[in-house]
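**Student:** If you count by the numbering used here, then the sequence shown holds residues 1282 to 2171, one letter each, in order.
Do not take every clue at face value.
In silico DSS-like cross-links for lysine-lysine, where the CA-CA straight-line distance does not exceed 25 Å [what the hints assert, rightly or not]:
1. K2068 <-> K2111
2. K2044 <-> K1371
3. K1631 <-> K1552
4. K1884 <-> K1818
5. K1371 <-> K1970
6. K1459 <-> K1371
7. K2044 <-> K1970
8. K1884 <-> K1552
9. K2068 <-> K2044
10. K1884 <-> K1546
11. K1811 <-> K1552
12. K1811 <-> K1633
13. K1631 <-> K1811
14. K2111 <-> K2090
15. K2044 <-> K2090
16. K1884 <-> K1811
Estimated spans, in silico, between C-beta atoms of each pair [what the hints assert, rightly or not]:
17. R1731 <-> L1640: 15 to 21 Å
18. L1845 <-> G1733: 40 to 46 Å
19. Q1678 <-> V1534: 34 to 40 Å
No wet-lab data here; the hints were simulated from the structure. Please read these numbers as outputs of a predicted model, since none were measured by experiment. Positions of the beta carbon are idealized from the N, C-alpha and C atoms, including for glycine.
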Amino acid sequence: MGGRFDLVIWHRKFQPTAGLLCLVALLQVCSYPACIRAQSSTVEGAILERLDASMLVLQDASCRQDVNRTIEAVRRRESWAMAMFDASVKFPTAIELGSMFHLGSFDECLAETSFVSPGLYVPTQFCLAQVDLPGYRVREHATRASSAANRNANATSHVQVRWGLCVPASCPADDVRKLLATSTGYSDITVSAGACQDQHVSSRTEPFDAAQIASACVLLLFVLMVAFSTFYSPACSDGTSRTVEKESTAASVRRAFSVFENLSKLVQDSKDEHGLGCINGIKAIAMIFILGGHALVFMAGGALLNPGFFREQNRLLQNAFLLNSPLLVDTFLLLSGFLFARLLLIELDKRKGRINVLLLYLFRYIRLTPAYLAIIALYASWLPRLGDGPLWNERMQLEQHRCQVSWWRNLLYINNYVGTEEMCMFQSWYLATDTQLFVLAPLILFPMWRYGHRTALLLLGSLTGVSILVPFFVTYYRQLDPTLMIFTDEISDLQSNDYFVNVYGKTHLRATAYLFGLLAGYLVHWMQLKDIRIGRKMLGICWTISTVCGCMAMFSLTAFYNGLGTENYLYNALYAALHRFGWSLSNGWLVLACVTGHGDILKRFLSWRAFVPLSRLTYCAYLMNGLVELYLSASRRTPLYASIASLLPTKFVTSSSHTNNWAVLVDTSRFWFNYRHIANVLSVYRSVKRLGIPDSQILLMVADDMACNARNPRPATVFNNAKQHINVYGSDVEVDYRGYEVTVENFVRLLTGRNENGTARSKRLLSDSGSNVLIYLTGHGGDGFLKFQDSEEITNQELADAIEQMWQKQRYNELFFMIDTCQAASMYEKFYSPNILAVASSLVGEDSLSHHIDPAIGVYIIDRYTYNALEFLERVEWNSKKTMGDFEPT
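Work the whole structure out from these sequences, hints included.
**Tutor:** Here it is in structure tokens:
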């Protein structure tokens, strides 16, 4: 919805279409949710009876007392106890599709209970158990094991899932295990002490330790230095040129820490005296794809609803750039070798071979280590305090421990060989490998410079041959993968991956790219000294060979995801030996051609000024990206639905300026014969989530629970199609207001933000002046009113006033109002606030019709207006360009 929208009333034949266009426009921003799920009294009663039985096996007296108090409070429907019950997983779903993370509602479990007197509620803790479920067969090809198992149609296995529980804080881990075992009947359950987080841990109220204080003081010192240097330099400047007189050391230091100076240098175009401008583009593009590869790894190894997505995507040729992003890292090794060779050869010429190599090593260490050390210090001290979530402790505490025991290996740049299984920062292997090759490079370059190009080519050719043979034999005799493969169960923790620990970052298996960089640097130096030009025919041959080699190295990996090499490891060994050679040959030629002026259009593109700041930020991106991905993965509240869109940085590339998008979805009807209204709202909820709005920004109000109604012939389901193809009710449905909580008062309080003290965060509309808000209503209505629970009404004037309060309080930027009820258009006749687009299922005086009845269920299961809308929405993706003209009413 671009621009300013006032009230719009659509003609009847376009009624479904109007809602669809704006709903699609609203669905843009992705986040990580925490809300409340609906449960029936029937299922609830059965669970409580089992929990009663578990009292006999609990060892801790305080735990027994608190569990008993909680059970009785749930039966009395006390809010704090219902939140505990609601936040726990009742039974996992989609197990055979590979969904192994069932996290419950972390925030609801540990929410503040300031509105309840301390003695009237039980303090809580959130525990994440590991439960072995026998007899399940994962049908989606998400892992190697599941792929193999699928070849045997009768194969069954024990599937291990993560199961979220909200329990009294007084219960030790073993009693939590007994509670779950007794209530579910499963015996193979593990609950470690570190798997539970109470409100004290979640709120991070424990005192700071010495390492945190020390690192914070150092950081504060640097912040003060930056602030002083930034504001002191302009104030003391007299506008004269710095070249008039030599600056003092103090002035140079001040400028080095000045924000203005550094921003100026960041965007300043560099002099391209040696034709190196194209390297900026190569670095920037390579880093973008590497960051995308990191996002893929963390997504595939994290909590997913559909891990089989990756198995299918891995087979596709066009996804090789992300799957083979480890190969793109070789581009940086090649560039490192190339630039060092150019620098050293020029200095050798100037100084007649007299170079202090130790000084080179020292300068490099000083240049790289301070920023590196700052990130390591952050990992080792502050990491667990940066956030929270159901998976937070197990991920962040492990990463912190690794950095606390391995920091010295990182600073000595030996962590790719020593203590690799406890490596601090998974990406830090690269710095170790690059540094080790940098140390060895002068031993190679000096003989090349001293004895001429024939010796240089012979030496580098021999070393390159060795660098090809070593990975061949290592891969073949150890029966390894051709490269690091993306399987969901193998990359959840890279430092535990056997290939990553023992093969991936080893210098002797990564040297090919660096050697090609040295060769390219030597050839460029030689060609520029001799003013050598390459003929057009030879150029064509070189470009053809390099393009073919690069494409084969990159895209042939797809064959291994489609089964190549699973029986014959010779294929794996050949790929391991040759793919780095082919990629380095391609990249080496690209660098040589562009730097020596043989790149033409490609050189001009790669030398584009916009790449300059991106190129200069690649080291910072390298250091920070692991932390960003780790944070996003560990703070995830619910499993992610994987898609191509979820790999894209949509929050940076979207053209919208809105800070967030929200949806308020309301069913106002109860009783079995109103099944269709519940199906309406759950169907819209399903589409809203699929198109990008997370549960944390969806407020779902459902007046009745049809899934567990005693008259439902298919318990735990709600269908919106006569053929029962789409079940819109499941464990991922998070209901914020249910049953008699769905009232006019609560609805108006939700919209206007006038929530009662103690209202959980998950029950608040936390929109702002930059938000787009969707309001969808369904139920029984008439001319100027909508019924709630068949007992009270909200009038069109009351609704208009509530929305005006939203506008006055800056609670929306643009609002899309969609209503499916009889005489629906009358509900927005009184709207007088700006930026609203309103659509309705019926005009004043008209009924809103049901669509069809399901004989097996015995009632109408969806209304016509919502059905038509959903039929269109199911064909729309998050990045769709569809407009009203694309919608055809059925």
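**Student:** Quick one: which hint numbers does this structure break? Sort them smallest to largest.
**Tutor:** Hint check: nothing fails, all pass.
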